[in-house]
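Q: Line by line, the protein sequences give chains U and B. Each residue of the first sequence is one higher than the last, beginning at 1 in my numbering. Each residue of the second sequence is one higher than the last, beginning at 1001 in my numbering.
Rather than coming from a laboratory, the hints here were simulated on the basis of the structure. C-beta atoms are modelled at their ideal positions from N, C-alpha and C, and glycine is treated no differently. One or more hints might be untrue.
As the list claims (entries may be wrong) - Residues of chain B placed beyond 12 angstroms of chain U at every Cβ, according to the derived structure:
1. T1068
2. I1075
3. P1084
4. E1092
5. M1093
6. P1219
To be verified - Straight line, CA to CA, 16 angstroms or less: simulated EDC-like cross-link-like pairs of lysine to aspartate or glutamate:
7. K1154(B) - E1210(B)
8. K1231(B) - E1210(B)
9. K289(U) - E1092(B)
10. K1181(B) - E1118(B)
11. K166(U) - E1117(B)
12. K1007(B) - E1092(B)
Residue strings, one per chain:
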Amino acid sequence: MVSFFSNLINGLSLGSIYAIIAIGYTMVYGIAKMLNFAHGDIIMIGAYIAFSVITSLGLPTGLGILAAILGCMVLGICIEKIAYRPLRGAGSSLAVLITAIGVSYFLQNTALLIFGSNPKMFTPIIPFKYMTVKIGEFSFQTISAISIVVGIILVILLQTFINRTKWGQGMLACAQDRGAASLMGISVNGTISLTFAIGSAMAGIAGVLLCSAYPTLSPYTGAMPGIKAFVAAVFGGIGSIPGAMVGGLLLGVIEILSKSYISSQLSDAIVFAVLIVVLLVKPTGLMGKKIQEKV
Amino acid sequence: MAMLTVKDLKVNYGVIPALKGISFEVGEGEVIALIGANGAGKTTTLHAITGLVPVASGKIEFMGNDITKTPAHTIVGMGMAHVPEGRRVFPEMTVYQNLMLGAYTRKDPSEKERTLEEVYTHFPRLRERAKQIAGTLSGGEQQMLAMGRALMSKPSILLMDEPSMGLSPIFVAEIFSIIEKVAAEGKTVLLVEQNAKKALSIATRAYVLETGDITMEGPAKDLLNNDSIRKAYLGE
């Protein structure tokens, strides 16, 4: 029982990280109508920024986290402006998709060039002596609890931002009808930049959390979590923020539980099998909207 | 001076010309009807004015400013609201949220509330349905919402694209009586319609558009009595 609870907490913690990444994926998809396959690599860049500031420069942890968030934000805005915007309205979503894959390789290879292929040991943001929490006979990693709390806070902040602010409403309007949104005075380009900024900032946070829980950092660190988060977003219903949250959490829990109770080698296969089953039963994902075919 | 002047406007879709150099004017307080068959370029004209399609050549002036290349999202702040064809309400938002997005560029909340009251007075049905999701409204109600949303920006000119499309005769009559009311309050209206009879009955002047060219213009009453118009557009 005790080990089940630790596994559950580990699962929820990994799931929260997936959820934070998945929300970025899903927001960009909902508003810019594209799959940003470079999203996972932004996580890796965020982690390298934090690593450089905290470990290489020896500056305070808080500063490293802040630098990762801001750095990813700027990176996200630049990627959108340079790589994706010129293709918008070109009519081919395939071109944007291929470009996104290109950006992903570009980021990985840039990191390879700067930091080399040897994995770096990431200094966890939690000091060593506070690394684990013990409650009775029951113990778990502090970073797990932090990941879960950060995940919840971010979702609440984001929902409040979207539902309560003018910019948030503008984002919703763009997601539903770009042309009509621009007639309301909403700048579509500005809104898409904002979406990339928010999504990438969240990826930066996810990078720091991920590398604090699993402290090896390489240029490919973001690739697998990126794909998993994409799966989580599809799982929950792509375009839906609550869906990405639920999808991320479920994915994390399924992954950790199958690692502990079934097989650590088969865990990814199980995760993807569950995805296939969900999509067979409900093709729009758990919380996805019905897609109406226009006649 | 005219409020809106379009001079020799050309728009192409790829190699196909949609507008072949049209010119017209909308004076302050006028209700101008732009009538014509399907594919004549009526919607394209409105899209070119509000910046939704790029202009190939020509000039569009609004209240003395050249808006030929002004991006769509800055037009509404200049006092021009566009009620697009097919209504284009935000389907997953409530009626109230839709209306508030109409006032996106406005700052003063108490001013917005006052305009909201005005809109609710024009469309009591929208007040009743303020919390309803817009996608679940009937076509006529959505048209009212689209119009109300445009009025929320407190425009000096209202561009309306096919407001009668797909509506039952009762709703058509209601929408047109509201357009008349709005015009009577001093708003300028540029109305694009396939329902020529209805449009000409409330317009001051009208232009007839045929495959990208303006072929006729004049006071609405004269056009309503013109034989070739009666034959081509009024089904008589």
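Q: Look at each hint and say if it fits the structure.
A: Right, here's what the structure says about each hint:
no.: 1; hint: T1068; result: holds (17 angstroms)
no.: 2; hint: I1075; result: violated (8 angstroms)
no.: 3; hint: P1084; result: violated (6 angstroms)
no.: 4; hint: E1092; result: violated (6 angstroms)
no.: 5; hint: M1093; result: violated (7 angstroms)
no.: 6; hint: P1219; result: holds (30 angstroms)
no.: 7; hint: K1154(B) - E1210(B); result: violated (32 angstroms)
no.: 8; hint: K1231(B) - E1210(B); result: holds (14 angstroms)
no.: 9; hint: K289(U) - E1092(B); result: holds (10 angstroms)
no.: 10; hint: K1181(B) - E1118(B); result: holds (12 angstroms)
no.: 11; hint: K166(U) - E1117(B); result: violated (20 angstroms)
no.: 12; hint: K1007(B) - E1092(B); result: violated (39 angstroms)
Checked against the numbered hints above, the structure breaks hints 2, 3, 4, 5, 7, 11, 12 and satisfies the rest.
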